[in-house]
Amino acid sequence: MNENKLKAKDFITIGIFTALVFIVEYACGMLGFIHPYFIASYVILIPIVGSIPMMLFYTKVEKFGMITIMSVLIAIIMFVTGMGWLGAPLIIISGLIADLIAKKGGYKSFKMTALSHGVFCLWICANYFPVIVTADNYRKNLIDGGFSADYCDALFSVINAKTIAILLILCIVFGVVGAFVGKAVVRKHFEKAGIV
Amino acid sequence: MRKLELDPRTKLFMIFAMSMIVMVPAFSTLQMAIRIIVTVIPILLMMLEGKYAAAIRFAVLYAAALILQHYYLSVESRGVFSALITGYCSIVVQFMPAMITAWYAIRTTKIGDFMSAMQKMHIPDGVSISLAVVMRFFPTIKEEYENINDAMRMRGIAMGGGKVTKMIEYRLIPVMFSCVNIGDELSAAAVTRGLGAPIKRTSARELKLRAVDYATMAVFAVSTVLFMAAKNIG
Amino acid sequence: MININNVNFHYKGSKEAGLHDFSLDIKPGEAVLLCGASGCGKTTILRLINGLIPHYYKGELEGSINVNGKDVPNSELYDLASVVGTVFQNPRSQFFSVDTDGEITFGNENLGIEPKEIIRRKDEVVNELELGPLLGKSLFELSGGEKQKIACAGVSALMPEIMLLDEPSSNLDWKAIDELKEVIKYWKSKGKTIVISEHRLWYVKDIVDRVIFMKEGRIEHEWNSEEFDSLTTQDLSELGLRPTSVEEKYIKEFGQGIFSEDEDSDNSIKRYENGVTLKDMYFTYDMPKYFFRKKKLNAADSAQYTLAIPELELPRGKVIGLIGKNGAGKTTFLRCICGLEKDCTLKITSDGETVTGKKIVKKCYMVMQDVNHQLFTDSVRAEVMLSMDEEDKAKADKIISDLGLYGYEDTHPMALSGGQKQRVAIASALAANSEILLFDEPTSGLDRAHMMAVAEMLTGLAKDNRVIIVSTHDPELISLCCDYTLCIEKGRLKYLRECQ
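Residue numbers (my numbering), protein chains in the order written: chain U, 12 to 207; chain G, -19 to 214; chain P, 3 to 502.
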């Protein structure tokens, strides 16, 4: 039997870690309810906090498909929870590329894993899609409603289409930084406890 | 009265159509009207399934945001406070329909039915198994987290001694240990019951699209097309 | 039905017990009990039969295993699924679905059985095991006993000829164990071959035909049911086994107050020298709510409360066993004492000082049933120091070595055994100077030797003038170490009395 094929146990592991990553996303998402400004901090918070389960996940399955399936699951959950399907291609493509990069390192090389995590973190940008797509519309509404253009620019400065490039880069950068944080935590707890 | 249960596939289609509608700004009255109609449908469906409290809550919130936005804020309001309110209202008016539909779909669908719908849509077993595990682990994580939180309170470390990193570490690490342990035992139990057999899985629930499903899908399809077309006309 | 021939097995990269030249034959329809200390290889044998070894747990395997004509090492797990069914120890971790219906049909769906047949099998199992009231519920709402019943149904629905049970009663109370016993009896009447691994012998002894006692991966003794029945408590305890008859006797004795409604309750307050007084212990899960503030709980409304104990004095330096029916309010009682229920109006008085509210948390500490939830740091020493107001390494090391954890100071708590983890949790309570120590089911799933160790530890902890309360379903533990029993019924104090 092919040892590199995903088995029942792996599917269960993928499910568990997807749930953990999504809980992190959800907890950070709560901040967005306080004020939409916090939404901008997703690109820093989610890669770093989420890296802790992710780095453990990388050591648990080590087979091609692990991250791709996770990204498909994230896309499905985001779709079903009403966050739209526009982000789905971004999520799945970054998952697939992240999987390929990790595979290149045999799921063992930390360099490749860190890079892979950076690319995987691009999925977080999918959170912004609905806002970005509709932002111009809000702005127009507000100006029509009598607000000054300056004020509206200030309000939407964090969420306009131009900043998407910056957000994408931030995701990768903090994804790689997060990989180091996550790795340190995994070493401190899970390796020491002997479960990795 | 018999409960009106729609097929999960119908609900997925509703979410799909709805997420298209919320993405495009509504300018004309016709578009606004369509958007309100498709928002009212899931609210009514919720009531038919007996979720009155939620239906009323959503209806009130949505109506309030609509009224505030149209009759109060857009005329001549200025200042930081109204800007904030405007921000919230436009988010609610814009995205609430999708949230309502999603809430309706999630709360009224059994996981088993959802899995069976995925099978019908030819989604690979690997994906649907993993997704079932995700659904099973959300409540598990909640349970474990509550216990861990209690333990933290007993030791007076709920605030992590004032350090944010500790606050996260003391919560996340024990949850992860628990999940990994439960996962190992769960995998062993699942494979002894045939999970992973190279056979197409079946489902005890046989789903069938009924007239009411086709009707609902038709309403949503027509609304979406009209909505998009109205944009080009107007 | 089951032939295990000259099997040698070692787990790969694990210290878990293996097997040495092990052979066992089990006839169709036979019910066999495997017993012996933890780590004697009972679980390993079950894993050989259901194929988890060598397909899931890796290791070096020699010898042959044949189950119902199938050569286990050369069969796939999914082929064995309809031949061998396994009920595991932990009801929390063995279910896959979220709802009861899905869990019962899960196995059949995996094997691609026709939907009509799945429904037929499900209905049959539901009928046989009387699960009607549990259908359509979320598994997360069920009690441990109910979950275990659904686990039995999920296995049964695959219609296997062989049923394996791996310490199935570990997390169950007396009533649930009784129901589990009925399920096993039913399987036996249907002619299924049954293998049970268990520490609690009293409930299985009438069911099994043969008892196998194991030690270090070998069969040490074998008895038929008459021979096993004739063993005295003395014989059993010499083998490190829990008694078969004593437990039943104790359940009758200690359970008396629980199972017979009419027994006089005695809630008069007794005074003890230097005792700790609990006052105004009122709590309810449905708080009466007003617009902005909650109504404070008080004695006048206490008739409807979940927990209402106006006054209770607890003796120091003694171990108090907490007993009561399932749902009697034992857990709520423990949660209130350690300050986890904020709305509880409890006042604790000791040494002339009265504390309420948040300060209660400082006085009390509970060792939870799943001790994994209360370990946070990356070493035993850090764990102990976390509980100190001012870090004192020397004191921490003293506490650690007093509890027999010397040499483990730098080990990660999660790398320790269950008993050691329990000790780490106790160490952190001692470091925080907690006067009242609570234990929630500290002996679930333990063998006799470990239970005696816990009993000894509890007695030792009480000596330092602490109040020790231990909630348990193991009557043997009460007989081993408790000086008092505290019985709670429907959230009210039934009695607190000295053990004879």
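Bear in mind the hints are in silico, worked out from the structure with no lab data behind them.
Worth double-checking, as some hints may not be accurate.
To be verified - Quick list of in silico lysine-lysine cross-link-like pairs, DSBU-like style, CA-CA up to 35 Å:
#1 G:Lys31 with P:Lys139
#2 P:Lys344 with G:Lys146
#3 P:Lys327 with G:Lys180
#4 P:Lys327 with G:Lys100
#5 P:Lys349 with P:Lys361
#6 G:Lys180 with U:Lys115
#7 P:Lys344 with P:Lys360
#8 G:Lys146 with P:Lys400
#9 P:Lys361 with U:Lys16
#10 U:Lys199 with G:Lys143
#11 G:Lys143 with P:Lys344
#12 P:Lys183 with P:Lys29
#13 P:Lys29 with G:Lys122
#14 U:Lys20 with G:Lys100
#15 P:Lys349 with G:Lys90
#16 U:Lys203 with P:Lys327
#17 U:Lys119 with U:Lys74
#18 U:Lys20 with P:Lys72
#19 G:Lys146 with U:Lys122
#20 P:Lys298 with P:Lys327
#21 G:Lys122 with P:Lys14
#22 G:Lys143 with P:Lys492
#23 G:Lys31 with P:Lys400
#24 G:Lys146 with U:Lys114
#25 U:Lys199 with G:Lys146
#26 U:Lys20 with P:Lys187
#27 P:Lys327 with P:Lys349
#28 P:Lys190 with G:Lys180
#29 P:Lys60 with P:Lys14
#30 U:Lys16 with G:Lys100
#31 U:Lys119 with P:Lys60
#32 U:Lys199 with U:Lys119
#33 U:Lys16 with U:Lys114
#34 U:Lys203 with G:Lys90
#35 P:Lys400 with U:Lys199
#36 P:Lys298 with P:Lys217
#37 P:Lys344 with P:Lys361
#38 P:Lys190 with G:Lys122
Since we're looking at a predicted model, the values are computed, not measured.
Hints, verified against the model:
1. Note on Lys31 (chain G) and Lys139 (chain P): the hinted pairing holds, with a Cα-Cα distance of about 17 Å set against a maximum of 35 Å.
2. Of the supplied pair hints, the one linking Lys344 (chain P) and Lys146 (chain G) holds, its CA atoms being roughly 24 Å apart against a limit of 35 Å.
3. Pair hint Lys327 (chain P) plus Lys180 (chain G) does not hold up; C-alpha atoms about 46 Å apart against a cutoff of 35 Å.
4. A threshold of 35 Å between alpha carbons decides the hint, and for Lys327 (chain P) with Lys100 (chain G) the separation of about 47 Å lies outside it, so the pair is violated.
5. Annotation: proposed proximity of Lys349 (chain P) to Lys361 (chain P) holds, straight-line Cα distance about 10 Å (limit 35 Å).
6. Using a Cα cut-off of 35 Å, the hinted pair Lys180 (chain G) and Lys115 (chain U) holds, with the two alpha carbons roughly 31 Å apart.
7. Restraint check: the Cα-Cα separation between Lys344 (chain P) and Lys360 (chain P) comes to about 8 Å, which is no more than 35 Å; the hinted pair holds.
8. Restraint check: the Cα-Cα separation between Lys146 (chain G) and Lys400 (chain P) comes to about 26 Å, which is no more than 35 Å; the hinted pair holds.
9. Restraint check for Lys361 (chain P) and Lys16 (chain U): the C-alpha separation of about 55 Å exceeds 35 Å, so the hint is violated.
10. Only pairs whose Cα atoms come within 35 Å are accepted, and Lys199 (chain U) paired with Lys143 (chain G) is accepted, the gap being roughly 18 Å.
11. Among the hinted pairs, Lys143 (chain G) with Lys344 (chain P) is consistent with the structure: their alpha-carbon atoms are about 24 Å apart, no more than 35 Å.
12. Between Lys183 (chain P) and Lys29 (chain P) the alpha-carbon distance is near 21 Å, which keeps this suggested pair within the 35 Å criterion.
13. For a cut-off of 35 Å, the pair hint linking Lys29 (chain P) to Lys122 (chain G) is broken: about 45 Å separates their Cα positions.
14. About 24 Å separates the Cα atoms of Lys20 (chain U) and Lys100 (chain G), which keeps this hinted pair within 35 Å; it holds.
15. A hinted pair counts as satisfied when its Cα atoms are at most 35 Å apart, and Lys349 (chain P) with Lys90 (chain G) does not qualify at roughly 46 Å.
16. Distance check on the hinted pair: Lys203 (chain U) and Lys327 (chain P) sit about 41 Å apart at the alpha-carbon level, beyond 35 Å; violated.
17. A C-alpha spacing of about 11 Å is found between Lys119 (chain U) and Lys74 (chain U), which places the hinted pair at or below 35 Å, so the restraint holds.
18. Between Lys20 (chain U) and Lys72 (chain P) the CA atoms are separated by roughly 23 Å; this keeps the pair inside 35 Å, and the hint holds.
19. For the proposed pair Lys146 (chain G) and Lys122 (chain U), the alpha carbon gap of about 27 Å is at most 35 Å, so the pair holds.
20. Taken as a hint, the Lys298 (chain P) and Lys327 (chain P) pair is honoured in the structure, with Cα atoms around 28 Å apart against an allowance of 35 Å.
21. In summary, the hint linking Lys122 (chain G) to Lys14 (chain P) is supported, as the alpha carbons are separated by about 34 Å, within the 35 Å threshold.
22. Taking the CA atoms of Lys143 (chain G) and Lys492 (chain P), the gap is near 42 Å; set against the 35 Å cutoff, the hint is violated.
23. Proximity of Lys31 (chain G) to Lys400 (chain P) is assessed by CA-CA distance (about 59 Å); at most 35 Å being required, the pair is judged violated.
24. A distance of roughly 33 Å separates the Cα atoms of Lys146 (chain G) and Lys114 (chain U); the hinted pair therefore holds under the 35 Å criterion.
25. Note on Lys199 (chain U) and Lys146 (chain G): the hinted pairing holds, with a Cα-Cα distance of about 13 Å set against a maximum of 35 Å.
26. A distance of roughly 33 Å separates the Cα atoms of Lys20 (chain U) and Lys187 (chain P); the hinted pair therefore holds under the 35 Å criterion.
27. Under the criterion of a C-alpha separation no larger than 35 Å, the hint pairing Lys327 (chain P) with Lys349 (chain P) is consistent with the structure, at around 26 Å.
28. Only pairs whose Cα atoms come within 35 Å are accepted, and Lys190 (chain P) paired with Lys180 (chain G) is accepted, the gap being roughly 33 Å.
29. Annotation: proposed proximity of Lys60 (chain P) to Lys14 (chain P) holds, straight-line Cα distance about 6 Å (limit 35 Å).
30. With a C-alpha separation of about 24 Å, the suggested pair Lys16 (chain U) and Lys100 (chain G) falls inside the 35 Å cut-off, and the hint holds.
31. Restraint check for Lys119 (chain U) and Lys60 (chain P): the C-alpha separation of about 21 Å stays at or below 35 Å, so the hint holds.
32. Simply put, Lys199 (chain U) and Lys119 (chain U) have alpha-carbon atoms about 18 Å apart, close enough for the 35 Å limit, and the pair holds.
33. This hinted pair checks out: Lys16 (chain U) and Lys114 (chain U) have alpha carbons roughly 13 Å apart, not beyond 35 Å.
34. Restraint check: the Cα-Cα separation between Lys203 (chain U) and Lys90 (chain G) comes to about 40 Å, which exceeds 35 Å; the hinted pair is violated.
35. Restraint check: the Cα-Cα separation between Lys400 (chain P) and Lys199 (chain U) comes to about 25 Å, which is no more than 35 Å; the hinted pair holds.
36. Distance restraint check for Lys298 (chain P) and Lys217 (chain P): the Cα-Cα separation of roughly 58 Å exceeds the 35 Å cut-off, and the hinted pair is therefore not satisfied.
37. Simply put, Lys344 (chain P) and Lys361 (chain P) have alpha-carbon atoms about 11 Å apart, close enough for the 35 Å limit, and the pair holds.
38. Among the hinted pairs, Lys190 (chain P) with Lys122 (chain G) is inconsistent with the structure: their alpha-carbon atoms are about 38 Å apart, more than 35 Å.
The structure shown violates the earlier hints numbered 3, 4, 9, 13, 15, 16, 22, 23, 34, 36 and 38.
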